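Colleague: Each chain, written out:
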Amino acid sequence: MKSMEASKLISFFEEDFCIFHLRSRKKMSVLTEMVHHLALNNRISDEQFIIEMLKNRESLGSTGLGNGVAFPHGRSLAIKELSVLFARSASGVDFDALDGKTTKLFFLILAPSDKGSDTYLAILSELIGLIQKPAKLKSLYEVTDFPSLVKILEEKDQ
Amino acid sequence: MKDEHRLLIALQDLDIMIKEVKDKVTSRELQSLGFKLTGLNELQDARDKLAKKVPRALLQRYEKLTQHYTVAILPVTGSLCLGCFVKLPTSFFSAVSRNELQTCENCGRLLYIP
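Chains A and B supply the protein sequences, listed in that same order.
Be aware that the first sequence starts at -17, since it is given in my numbering, and climbs by one per residue.
Be aware that the second sequence starts at 275, since it is given in my numbering, and climbs by one per residue.
Derived by calculation from the structure, the hints in this document are not laboratory data.
There may be inaccurate statements among the hints.
As the list claims (entries may be wrong) - Below, simulated DSS-like cross-link-like pairs (lysine-lysine); rule was C-alpha separation at most 25 Å, straight line: (1) K8(A) to K310(B); (2) K293(B) to K37(A); (3) K115(A) to K97(A); (4) K9(A) to K276(B); (5) K361(B) to K118(A); (6) K9(A) to K361(B); (7) K298(B) to K37(A); (8) K37(A) to K361(B); (9) K276(B) to K118(A); (10) K338(B) to K97(A); (11) K338(B) to K310(B); (12) K(-10)(A) to K62(A); (13) K298(B) to K9(A); (14) K118(A) to K37(A); (15) K37(A) to K276(B); (16) K310(B) to K97(A); (17) K296(B) to K97(A); (18) K326(B) to K115(A); (19) K118(A) to K(-10)(A); (20) K326(B) to K37(A); (21) K97(A) to K361(B); (22) K276(B) to K138(A); (23) K310(B) to K83(A); (24) K298(B) to K97(A); (25) K118(A) to K97(A); (26) K293(B) to K62(A).
Predicted, not measured: the structure shown is a model, and the values here were computed from it.
Please construct the entire structure, taking both the sequences and the accompanying hints into account.
Modeller: Structure representation (structure tokens):
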């Protein structure tokens, strides 16, 4: 799998595509809230297609990998360009995570259908690598603004 | 956009997902990252259920195209077919009704104006 430079990874994050205080408390409503946020920022041509696609993806197996982090992802014709959305829930959500615990951090990764899966798999791989570092994960649980998020993602050896 | 075209787009999203899971390299990568891909049968069921809602002739056309292309239905952006990147003739746009699917004369993909 292709690896990715930290700076390249960070370039996919934008302040407009971050939700530091998710309102939703249930799995489907979290997905809907995140997709709606992307739609408000003109990254999606049709919310319903994306929600349906993400719902189907979850039926394949939960993207809640445990340790309080989920990586909903997929490809759809309704995605205009590769998009990464970060969302955080202070209280946590039951996302059917593999370890049965609540999920507090969400990295939504969406790619257009006509592009290959290479880039989004590389992003997934990099992010999953990052959350293996306990100190980084702990900082992410607490993050409430974009500059801090970028700093955490940039910092090495946490 | 007509409902049947919306169904076809949703079907294509599902087909791409199923294709990815069936692709050994991609599924191995996803599994190595920790994802459990145990619900392929559920996805296939959802796909079959959705396909039944698409008018037969349109479904057959779509499925014939998917034998050659991963993306068989596409929006028109600018004046290009984003499948084969050939410029669409001016006559294409005069003939197009916003509600109708059209065919790219070069590659045969189904096109719609978003």
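Colleague: All the hints need checking, so say for each whether the structure fits it.
Modeller: How the hints compare with the structure:
Of the pairs offered as hints, the one joining K8(A) and K310(B) holds, with about 21 Å between alpha carbons and a cut-off of 25 Å not exceeded. For the hint pairing K293(B) with K37(A), the CA-to-CA distance comes to about 17 Å; that is within 25 Å, so the pair holds. Restraint check for K115(A) and K97(A): not satisfied, since their Cα atoms lie roughly 31 Å apart, outside the 25 Å limit. A hinted pair counts as satisfied when its Cα atoms are at most 25 Å apart, and K9(A) with K276(B) does not qualify at roughly 30 Å.
Proposed proximity of K361(B) and K118(A) is contradicted: the alpha carbons are some 48 Å apart, above 25 Å. For the hint linking K9(A) to K361(B), the alpha-carbon distance of about 43 Å lies beyond 25 Å, and the restraint is violated. Under the criterion of a C-alpha separation no larger than 25 Å, the hint pairing K298(B) with K37(A) is consistent with the structure, at around 23 Å. For the given pair, K37(A) sits about 36 Å from K361(B) by alpha-carbon distance, which is inconsistent with the 25 Å threshold.
Annotation: proposed proximity of K276(B) to K118(A) is violated, straight-line Cα distance about 47 Å (limit 25 Å). For the hint linking K338(B) to K97(A), the alpha-carbon distance of about 21 Å falls within 25 Å, and the restraint holds. Restraint check for K338(B) and K310(B): not satisfied, since their Cα atoms lie roughly 31 Å apart, outside the 25 Å limit. Between K(-10)(A) and K62(A) the alpha-carbon distance is near 19 Å, which keeps this suggested pair within the 25 Å criterion.
Between K298(B) and K9(A) the CA atoms are separated by roughly 29 Å; this puts the pair beyond 25 Å, and the hint is violated. The hinted pair formed by K118(A) and K37(A) fails the criterion: a straight-line CA distance of about 29 Å is larger than 25 Å. With a CA separation close to 22 Å, the supplied pair K37(A) and K276(B) stays within the 25 Å bound. Pair hint K310(B) plus K97(A) holds up; C-alpha atoms about 24 Å apart against a cutoff of 25 Å.
Taking the CA atoms of K296(B) and K97(A), the gap is near 18 Å; set against the 25 Å cutoff, the hint holds. This hinted pair does not check out: K326(B) and K115(A) have alpha carbons roughly 47 Å apart, beyond 25 Å. The suggested pairing of K118(A) with K(-10)(A) holds, with an alpha-carbon distance near 18 Å, which does not exceed 25 Å. At most 25 Å may separate the alpha-carbon atoms for a hinted pair to count; K326(B) and K37(A) meet this at roughly 19 Å.
For the proposed pair K97(A) and K361(B), the alpha carbon gap of about 20 Å is at most 25 Å, so the pair holds. Simply put, K276(B) and K138(A) have alpha-carbon atoms about 51 Å apart, too far for the 25 Å limit, and the pair is violated. For the given pair, K310(B) sits about 16 Å from K83(A) by alpha-carbon distance, which is consistent with the 25 Å threshold. Proposed proximity of K298(B) and K97(A) is supported: the alpha carbons are some 18 Å apart, at most 25 Å.
At roughly 31 Å between alpha-carbon atoms, K118(A) and K97(A) are farther apart than 25 Å, so this suggested pair is violated. Of the pairs offered as hints, the one joining K293(B) and K62(A) holds, with about 21 Å between alpha carbons and a cut-off of 25 Å not exceeded.
The structure is inconsistent with the numbered hints 3, 4, 5, 6, 8, 9, 11, 13, 14, 18, 22 and 25, although it conforms to all the rest.
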